[in-house]
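Peer 1: One-letter residues, chain by chain:
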Amino acid sequence: MAVRERVTPEAGKLVDMSWDPITRIVGNLGIYTKIDFDNREVVTCKSTSSLFRGYSVFMKGKDPRDAHFITSRICGICGDNHAVCSCYAQQMAYGVKPPPLGEWIVNLGEAAEYIFDHIIFQDNLVFVDFCEEMVRATNPSVWQKAEKAEAPHAELHGYRTIGDIMRSYNPFTGETYKEALHMSRIGREMICLMEGRHVHPSTVYPGGVGTVATPTLFTDYLSRLLRCLDFIKKAVAMNDDVFDFFYEAMPGYEEVGRRRILLGCWGAFNNPDHVDYDYRNMNHWGNEMFVTPGVVVDGELVTHDLVDINLGIRILLGSSYYEDWANEETFVAQDPLGNPVDKRHPWNQTTIPRPQKRDLEGGNYSWVMSPRWYDKRTGDYLALDTGGGALARLWATALANKVDTPFVKATGQSVQISLPKTPNTPEQVIEWRIPQWSNAIERDRARIYFVAYSAGMALYFLDRAFTELRNGVTKVFEDFDVPDEAIGCGFHEAVRGVLSHHLVIRDRKIANYHPYPPTPWNGSPTDSYGTPGPYEDAVMGQPIFEEAGPDDFRGIDIMRAVRSFDPCLPCGVHMYLGKGKTLKTVHSPMFGQHG
Amino acid sequence: MTAEATTPSGVDEVHILWISEGMSCDGDSVSITAAGQPGIEDVALGAIPGLPKVNLHNKVLSPTLGGEEFLRPFRDAVNDRLDAPFVLVIEGSIPNEKINGDGYWTSFGNDEATGEPLTLNWWIDRLAPKAWGVVAIGTCATYGGIHAMAGNPTGCMGLADYLGWDFRSAGGLPVVNVPGCPVQPENFMETLTWLLYQAAGLAPTIPLDDQLRPQWLFGKTVHEGCDRAGYYEQGDFAHDYNSPKCQVKIGCWGPVVNCNVPKRGWMAGIGGCPNVGGICIGCTMPGFPDKFMPFMDAPPGGGLSSAIEGVYGPFIRKLRGITNKTMNKEPKWRHNRDALTTGYEPRWKN
Chain R
1 MAVRERVTPE AGKLVDMSWD PITRIVGNLG IYTKIDFDNR EVVTCKSTSS LFRGYSVFMK
61 GKDPRDAHFI TSRICGICGD NHAVCSCYAQ QMAYGVKPPP LGEWIVNLGE AAEYIFDHII
121 FQDNLVFVDF CEEMVRATNP SVWQKAEKAE APHAELHGYR TIGDIMRSYN PFTGETYKEA
181 LHMSRIGREM ICLMEGRHVH PSTVYPGGVG TVATPTLFTD YLSRLLRCLD FIKKAVAMND
241 DVFDFFYEAM PGYEEVGRRR ILLGCWGAFN NPDHVDYDYR NMNHWGNEMF VTPGVVVDGE
301 LVTHDLVDIN LGIRILLGSS YYEDWANEET FVAQDPLGNP VDKRHPWNQT TIPRPQKRDL
361 EGGNYSWVMS PRWYDKRTGD YLALDTGGGA LARLWATALA NKVDTPFVKA TGQSVQISLP
421 KTPNTPEQVI EWRIPQWSNA IERDRARIYF VAYSAGMALY FLDRAFTELR NGVTKVFEDF
481 DVPDEAIGCG FHEAVRGVLS HHLVIRDRKI ANYHPYPPTP WNGSPTDSYG TPGPYEDAVM
541 GQPIFEEAGP DDFRGIDIMR AVRSFDPCLP CGVHMYLGKG KTLKTVHSPM FGQHG
Chain D
1001 MTAEATTPSG VDEVHILWIS EGMSCDGDSV SITAAGQPGI EDVALGAIPG LPKVNLHNKV
1061 LSPTLGGEEF LRPFRDAVND RLDAPFVLVI EGSIPNEKIN GDGYWTSFGN DEATGEPLTL
1121 NWWIDRLAPK AWGVVAIGTC ATYGGIHAMA GNPTGCMGLA DYLGWDFRSA GGLPVVNVPG
1181 CPVQPENFME TLTWLLYQAA GLAPTIPLDD QLRPQWLFGK TVHEGCDRAG YYEQGDFAHD
1241 YNSPKCQVKI GCWGPVVNCN VPKRGWMAGI GGCPNVGGIC IGCTMPGFPD KFMPFMDAPP
1301 GGGLSSAIEG VYGPFIRKLR GITNKTMNKE PKWRHNRDAL TTGYEPRWKN
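Chains as they are written, first to last, in the numbering used here: chain R, 1 to 595; chain D, 1001 to 1350.
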């Protein structure tokens, strides 16, 4: 891992720059930085969130069967991921296994969610940062190069130069921008077919789905998927051309948003041939998921065992507006395998909000807690990130080398995706290879490859679902009883990364419930051990390539870094100080351990 | 009066100031990007004849870069410097900021002078009385919704609870409520379009019911538009979620919920709730969610009404079965014999 050389800046030379709100889907995100314009480097970064709603508080005492209906409402873009994850946790607690067709329908819905959400985020929000209008304004010299640079994959996407591709990303007027918006609507129709509604599904239940499984359902989905595939094949080639051009046009750009490789993926797409939702078999069926769970540290796959992953989760405080729960009740002392469960594990968390003033100078400054993963090899509390979801999923799946389907295969160093001939495009084999860095560009690049991955998996799921149906098996739901006492956990991938739900049932009511979506992992503040959260870590120490000085600074490189993590769909980065304000007094900033 | 009514007397330019910083999931902002009738881009880009020029200030769709550039119209509106009337759209329920000491539950930008977070409530207090119209989008903003459920720590509530149910905007309107969790995309876009026609002087006051919902959207029940209502009528009920029949006995609240989604579908006519296998959990209703939980049990009263249906429904079903059998037979004049037996009377004779 590369450690950046840091120079302590002279007092008076740091400029305070803030963006608040950076809008996340679940609320508000602010980024507060100090920038050294002489050395063209971001010196400090604090990530704050200013919204508290209290799901883990008001879930207590409710009927556990209501959990997925309620927790879907955590997120207005990936609510279905929450509903599904909650049903996984409930199924473990109730000891119920949905019929295979129910699982295929859920997988089809989730594949459509990845396709829809990644496309609208990438092409309608991320690429605004890489479009003609933005690049021309922030890096005019790069735009001049782009206009002349021939696009290497012109024969696949039809754009002659990099400038032509960038023009197509211009908001509202660009061809790709408009096409992507259209694709995002088709993707949502596919979700509505399988799960009833987007964003809060109506047909997803613990025990399966209520979706009426008919040939029409799957044919309606298939015909839409084919249209998406035509778009996806072009999009992968365009993305590669633009990102490769950035490395070439701005040497050193790999440092933007770069951090140590610390990636977490909780796995997605359960395989009904193996999953039984029994915790004791979780390692087995976790490894049969069609996206393999795993923790990747410095390029090494530390674990792909969901039991290890589960037991390693810690929720730390440090800069958040909560009281500690050290003296509160321990709900789960041991997991069903007899392993001890930590007091700082979500099963044992008690959320006690304590609203207070924001203190960005050494105090508490965020409503987000700090999820970390305890690495028992080293005793470190790792600030894992999700690579915006797609990067960690591809990385863990590639290294684990387990997924092997007709359309998607892991190889140990890469993931191969074979897409068939579709109405307007020939067949195509796409290969995502493990990149050199975990940085902004690779997070963004992984996203479009994962769209192709999801589309490939959707073809496989359709094939399996049609087979069930043609054999006359239409059962999609399995009935169950709620036990008096039980625990459950669900592991899934929200679009932007790791998602877990932890549930404790007593007297047939919810005694404790803690959902952990990706954004707390990525957007957490500095924890009680002084470790900064991933956004903070990725932005701190990153160089500035924008050509403007402090007076006209727009922060495009910082926006690209933060956005690459996919903070959530309506991620407009809005600058709070239009112009740089030089600080009167500056203390020597505290540096994190790395990054 | 008549002459005046036919002459547009309204405004020709409107700002839409949209704040999603309530207790919400921002699912309503996302939802409207799925709308096609009309699309938000049609309204924003001036593609609908008669509407005023619309300046949309919504974080999801704003092409601006800078925070101050984005916040400027909001600050201008507070300071009476906005150049045209505005419609205030609030997304998310409104927290009680009186119960949190020095802190805040949610904020939208910072105070220019002190750098301290500005709460959503600060903005509503200043903007709502100056707005030509105030719209609550989604069940959180209309009636409190999920985040206002029993046991919540934020004390949050709907916008009309916060402003008072007798609140009137500068344009003389009460809060306009478009519930839904999230809002059905076209339900919101239609309401907004009506309001814009009204602002242009081309439409009378929007017709609202006593819960301040547009009457034409929420005047009927889920049941009245449900594909499965026929099964109810025949006393034919689903006993688990595998069944395509009426779901009243497994938790569907459709008969008593005001919502048009089964009829309209979720988007482009696709999806929905009971029509496609999802029980109605009452997400458009002021009593949502507490009064409808636990969702997966039969609603009280559902037992009685389905029992009554259980008695006379099967009789109806039997009669219908006979008719159905008849209707599944081709008329007897269809054959390949040598005679025409369709009843046709030719004008000519061979």
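Derived by calculation from the structure, the hints in this document are not laboratory data.
Where a beta carbon is used, it is the ideal one built from N, C-alpha and C, also for glycine.
A few of these clues could be false.
[What the hints assert, rightly or not] Below, computed lysine-lysine pairings styled on DSSO-like, alpha-carbon distance capped at 27 Å:
no., chain 1, residue 1, chain 2, residue 2
1, R, Lys509, D, Lys1291
2, D, Lys1263, R, Lys60
3, D, Lys1291, R, Lys60
4, D, Lys1249, R, Lys509
5, R, Lys97, R, Lys145
6, R, Lys60, R, Lys97
7, R, Lys357, D, Lys1098
[To be verified] Far from chain R, some chain D residues (derived; all Cβ distances over 10 Å):
no., residue
8, Asp1026
9, Gly1050
10, Lys1130
11, Asp1240
12, Gly1272
13, Arg1334
14, Leu1340
[Said to hold, decoys possible] If you anchor each label on the Cβ, the simulated ranges turn out as follows:
no., chain 1, residue 1, chain 2, residue 2, range
15, R, Glu150, D, Pro1204, 56 to 64 Å
16, R, Thr214, D, Thr1323, 20 to 28 Å
17, D, Pro1204, R, Tyr247, 58 to 66 Å
Peer 1: Hints first: check each against the structure and report whether it holds.
Peer 2: Checked hints:
no., hint, in the structure
1, R/Lys509 to D/Lys1291, "holds (17 Å)"
2, D/Lys1263 to R/Lys60, "violated (35 Å)"
3, D/Lys1291 to R/Lys60, "holds (17 Å)"
4, D/Lys1249 to R/Lys509, "holds (22 Å)"
5, R/Lys97 to R/Lys145, "violated (57 Å)"
6, R/Lys60 to R/Lys97, "holds (25 Å)"
7, R/Lys357 to D/Lys1098, "holds (14 Å)"
8, Asp1026, "violated (4 Å)"
9, Gly1050, "holds (22 Å)"
10, Lys1130, "holds (22 Å)"
11, Asp1240, "violated (5 Å)"
12, Gly1272, "violated (6 Å)"
13, Arg1334, "holds (28 Å)"
14, Leu1340, "holds (38 Å)"
15, R/Glu150 to D/Pro1204: 56 to 64 Å, "holds (59 Å)"
16, R/Thr214 to D/Thr1323: 20 to 28 Å, "holds (25 Å)"
17, D/Pro1204 to R/Tyr247: 58 to 66 Å, "holds (60 Å)"
Going through the hint list in order, the structure does not satisfy hints 2, 5, 8, 11, 12.
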